[in-house]
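S.K.: One-letter residues, chain by chain:
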Amino acid sequence: MVLVLVLVVGGFVLFMFLILLAWFFGTYNVLVRMRNRVTNAWAQIDVQLKRRHDLIPNLVNTVKGYAKHEASTLEAVIKARNTAMTANGVGAQAAAEGELSGALSRLMVVVEQYPDLKANQNFMQVQEELTSTENRISFARQAYNDSVMEYNTKREMVPSNIVAGICKFDAKELFELKDEAEREAPEVKF
Amino acid sequence: MWEAISANRSKSIVLIVLMGMLLALLGAVIGGVFFAGEDGMLAGGAILGVMIAGFIWFVMTLVALFQGRNILLSISGAREVSHSDAPQLYNIVEEMSIAAALPKPPKVYIMEDKAPNAFAVGTPENAAVAITTGLLSVLSRDELQGVMAHEIGHIKNLDTKFMTIAGVMMGTIVILADVFMRGLIFGGGGRRRSSSSDKGGGQLQLILFLIALVFAILAPLFAQLLYLACSRSREYLADASAAVFTRYPEGLASALEKISANHSKLASANRVTAPMYIVNPIMKAHAGGNSLFSTHPPTNERIKVLRSMGGGAGLKDYNEAFTKICGKAIIGETTLRSAEVLKMRGITTPEPPQLPKNDIKRQTREATDILHRLNHFAFISCPCGVRLKIPPQFNKPICKCPRCGKEHPVKIA
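Chains as they are written, first to last, in the working numbering: chain A, 313 to 502; chain B, 691 to 1103.
These are calculated hints, taken from the structure and not from any lab test. Glycine included, each C-beta is placed from N, C-alpha and C at the ideal position. Among these hints, one or two may not hold up.
Said to hold, decoys possible - Facing chain A, according to a computed beta carbon distance under 8 angstroms, are these residues of chain B, among others:
id, residue
1, E784
2, E785
3, T823
4, G824
Stated by the list, open to error - Under the rule of at most 25 angstroms between Cα atoms (straight-line distance), these lysine-lysine pairs were calculated in the DSS-like manner:
id, chain 1, residue 1, chain 2, residue 2
5, A, K362, B, K701
6, B, K1014, B, K994
7, B, K1096, B, K1079
8, B, K1079, A, K430
9, B, K948, B, K804
10, B, K948, A, K430
11, B, K1051, B, K955
12, B, K1018, B, K701
13, B, K1006, B, K804
14, A, K391, A, K430
15, A, K380, A, K391
16, B, K804, B, K1090
17, B, K1079, B, K1090
18, A, K484, B, K797
19, A, K376, A, K362
20, B, K1051, A, K430
21, A, K362, B, K794
22, B, K1018, B, K994
As the list claims (entries may be wrong) - Each pair of labels, with its calculated beta carbon distance range:
id, chain 1, residue 1, chain 2, residue 2, range
23, B, A1019, A, V402, 36 to 42 angstroms
24, A, K430, B, I865, 54 to 60 angstroms
25, B, G1095, A, A431, 43 to 49 angstroms
26, A, A431, B, H773, 20 to 26 angstroms
27, A, D428, B, N952, 50 to 56 angstroms
28, B, P1087, A, T398, 45 to 51 angstroms
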C-alpha cells in the first residue's frame, strides 16, 4: 500500500519535473533564437553599409564627367567614404557614416543644377542603387531595433525572465541616432 | 511579430485539422457507398475510403511542398527577373525582406497582364513574389514598396505556407466529391450491386447513399468557407505587417486605391489561387462586399483602416484604426502586449500623392522595358534622347535612329 502511494507520488513529481524541464529548454531555445536574430540583424547593417561604400566610386565617376566645377563636393564624399571604411569602434563608425550621409546629400543638391547629368542613363541607375542602399540601411537598423525590442521584452517578462536570469542572457542595446535631424538625413531626395 | 505569427499558427492548425476531418469524413462516406462488402460491411468500406482519401491528399501535399511554388508561378504565367532586368523592383523586394528580416530575399517574378495585381508564394526560406506589368506601371516607388511589404508580410506570417497546405486539402476534397458525382452518373456500380443482394442492407445502403450525396455537395462548400474565413483576416494582418515594415501606411493605401480604380480581371487566376493575390483577381473590387464567400475584405475598408492610423505605424496603431472602422479587434491580446508603438517615418499627415501624368508614362515605359529586357532586346541610347530597342532577331550591323538619323553600330551576338 505504502509502496503504491510512494510510486504514485514519485511518478507525479517526476512528471511535473519533466514538464518543467521541457518548458525550461523550450524557453531557452526561444531566447537563443531571438538573440541570434539580433546578431544577424546587426550584421545586416554592416553588409548594407559596405554596399554603400562600394557604390560611391561609381557615383563619383558618373558625376565627374558632367560636374567638373564641383570637385570639392566630390572630394568631400570620397574623403568621408574613406574615413567610414577605416573607422574602428561603434561610435567612430556611426559618426563617420553620418558624415558620409551628409556629404552624399550635399552632392545630390549640387546634382540638381545639371539637367544633362540627371537625364543620363548611367546616373539614373546609380541614383536608384543609392536610394535603395539608403533605404536598406535604414530598414536594416529598423529590423535590428525591432529584434532587440522583441528579445529584451522576452528576457524581462515573467516567466521567461527566470530562464534568462539563470542562463545569463544579457540585454541588448538599441541602435539610436543622436538626434531626430540625423535620422532624417540619410533619406536622399532627388 | 513573433507572437503574431504564433497566434496565427495555432489558428491555422485548428483550421487544417477541421479540414482534415472533413476530408476523412467525405472519404469514409464515399468509401461506405462504393466499397461496402456483400453483407453491408460498412466499416471496411469506410476505412478503405479514408485510406484512399488520405493517400490522394498525401501525394498532393508532397507535390505541393516540393513543386507548389513552381506550379503556381507557371499557372500564372510569371517569369523570373534579375536585378539587371528590373533594378527598382528587385531593390524594393530586397529592402522589404531586410525590413522583415526574412532569412533569404524572395525571388522576383513578373506577369505580363494589364490587370493590376501581385501575389506571393512559398515558405520564408524559399519564397517568390510576383507582380503584373499593369500594376508595376501605375505605382510610384513608395506605393510599390507598400505592395511588396504586404506580400512579404504574407510570407513572414506564414500565410503562403498555410495557403499551400489548406489549398491542397480543399483541392483534394473537391476532387473526391467530383469523382463521386461522376461515378454516380457514369456507373453507380457499387450501389446497384448491393441493392440486388438482400433487402435490409439495400435500404441501409440507400440511406447512406443519400447522406453521401448531400455530403459530396456540401463538403467542397464547407472547405471553401474554411479556406476563405482565414484568408480575409490574413489580408488585414498582412496590411498591418506592411505598415510595420515600411513605417509608411500611406504607400500601401494609395497603391490599393489605384488598384481598386481598375476593374480588369486577371486572365490567369482561378478560385484556388485567388486568395493569394493582393486584391481579388476574379471579382470586382466593389461587388460582393464582405460576404462569407469573398476571398478578400473590401478594398476601400482596407484603405480606410490604413489611413486612420493617425501617424503611427505599429500593430497597436493598426489595431486601433481597425477597431474604430470595423467595430472589433483584429490582432490578439498577447501580440499587442508585446507590440510597441511605432512612429511613421517622414510626414505624419497622409497627403494623397498627386503624380504628374508623364510620371505614369515613364513608369509604363519602364515596365515594358523590363519585358523587352526579358525578351533579350538590346538598348541603345541616342544622343538626341531616343532609346532604340533592338529585337534579338535584328541582324544588320548598323541601326539608324528614327528621329535624328544617326547611325549606331549594333553588336550581333
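S.K.: Each hint should be assessed against the structure and marked as holding or not.
M.R.: Comparing the hints with the structure gives:
1. For the restraint placing E784 (chain B) at the interface with chain A, the shortest Cβ-Cβ distance is roughly 7 angstroms, inside the 8 angstroms limit, so the hint holds.
2. At a threshold of 8 angstroms, the smallest CB-CB gap from E785 (chain B) to chain A is about 5 angstroms, leaving the interface hint in force.
3. A hinted interface residue such as T823 (chain B) counts as satisfied when its beta carbon comes closer than 8 angstroms to some beta carbon of chain A; here the least separation is about 18 angstroms, so the hint is violated.
4. Nearest Cβ of chain A to the Cβ of G824 (chain B): about 22 angstroms, over the 8 angstroms cut. The hint is violated.
5. Among the hinted pairs, K362 (chain A) with K701 (chain B) is inconsistent with the structure: their alpha-carbon atoms are about 42 angstroms apart, more than 25 angstroms.
6. Distance restraint check for K1014 (chain B) and K994 (chain B): the Cα-Cα separation of roughly 10 angstroms lies within the 25 angstroms cut-off, and the hinted pair is therefore satisfied.
7. Proposed proximity of K1096 (chain B) and K1079 (chain B) is supported: the alpha carbons are some 15 angstroms apart, at most 25 angstroms.
8. A hinted pair counts as satisfied when its Cα atoms are at most 25 angstroms apart, and K1079 (chain B) with K430 (chain A) qualifies at roughly 21 angstroms.
9. Between K948 (chain B) and K804 (chain B) the CA atoms are separated by roughly 13 angstroms; this keeps the pair inside 25 angstroms, and the hint holds.
10. Annotation: proposed proximity of K948 (chain B) to K430 (chain A) is violated, straight-line Cα distance about 28 angstroms (limit 25 angstroms).
11. Under the criterion of a C-alpha separation no larger than 25 angstroms, the hint pairing K1051 (chain B) with K955 (chain B) is consistent with the structure, at around 22 angstroms.
12. For the hint pairing K1018 (chain B) with K701 (chain B), the CA-to-CA distance comes to about 18 angstroms; that is within 25 angstroms, so the pair holds.
13. About 36 angstroms separates the Cα atoms of K1006 (chain B) and K804 (chain B), which puts this hinted pair outside 25 angstroms; it is violated.
14. Among the hinted pairs, K391 (chain A) with K430 (chain A) is consistent with the structure: their alpha-carbon atoms are about 24 angstroms apart, no more than 25 angstroms.
15. With a C-alpha separation of about 18 angstroms, the suggested pairing of K380 (chain A) with K391 (chain A) holds against the 25 angstroms cut-off.
16. Our distance criterion of 25 angstroms between C-alpha atoms is broken by K804 (chain B) and K1090 (chain B), whose separation comes to about 32 angstroms.
17. Between K1079 (chain B) and K1090 (chain B), the direct Cα distance comes to roughly 11 angstroms. Compliance with the 25 angstroms bound is thereby established for this hinted pair.
18. Taken as a hint, the K484 (chain A) and K797 (chain B) pair is broken in the structure, with Cα atoms around 32 angstroms apart against an allowance of 25 angstroms.
19. Using a Cα cut-off of 25 angstroms, the hinted pair K376 (chain A) and K362 (chain A) holds, with the two alpha carbons roughly 22 angstroms apart.
20. Only pairs whose Cα atoms come within 25 angstroms are accepted, and K1051 (chain B) paired with K430 (chain A) is accepted, the gap being roughly 18 angstroms.
21. For the suggested pair K362 (chain A) and K794 (chain B), the alpha carbons sit about 19 angstroms apart, so the restraint of at most 25 angstroms is met.
22. Restraint check: the Cα-Cα separation between K1018 (chain B) and K994 (chain B) comes to about 15 angstroms, which is no more than 25 angstroms; the hinted pair holds.
23. In this structure, A1019 (chain B) and V402 (chain A) meet the distance hint of 36 to 42 angstroms, their C-beta atoms being roughly 40 angstroms apart.
24. The hinted window of 54 to 60 angstroms between K430 (chain A) and I865 (chain B) holds, with their beta carbons roughly 58 angstroms apart.
25. In this structure, G1095 (chain B) and A431 (chain A) break the distance hint of 43 to 49 angstroms, their C-beta atoms being roughly 21 angstroms apart.
26. Taking the beta carbon of each, A431 (chain A) and H773 (chain B) are about 23 angstroms apart, inside 20 to 26 angstroms as hinted.
27. Checked against the hint of 50 to 56 angstroms, the pair D428 (chain A) and N952 (chain B) fails, with Cβ atoms roughly 36 angstroms apart.
28. Separation of P1087 (chain B) from T398 (chain A) is about 49 angstroms and conforms to the stated range, judged on CB atoms against 45 to 51 angstroms.
Violated hints, in rising order: 3, 4, 5, 10, 13, 16, 18, 25, 27; the structure is consistent with all others.
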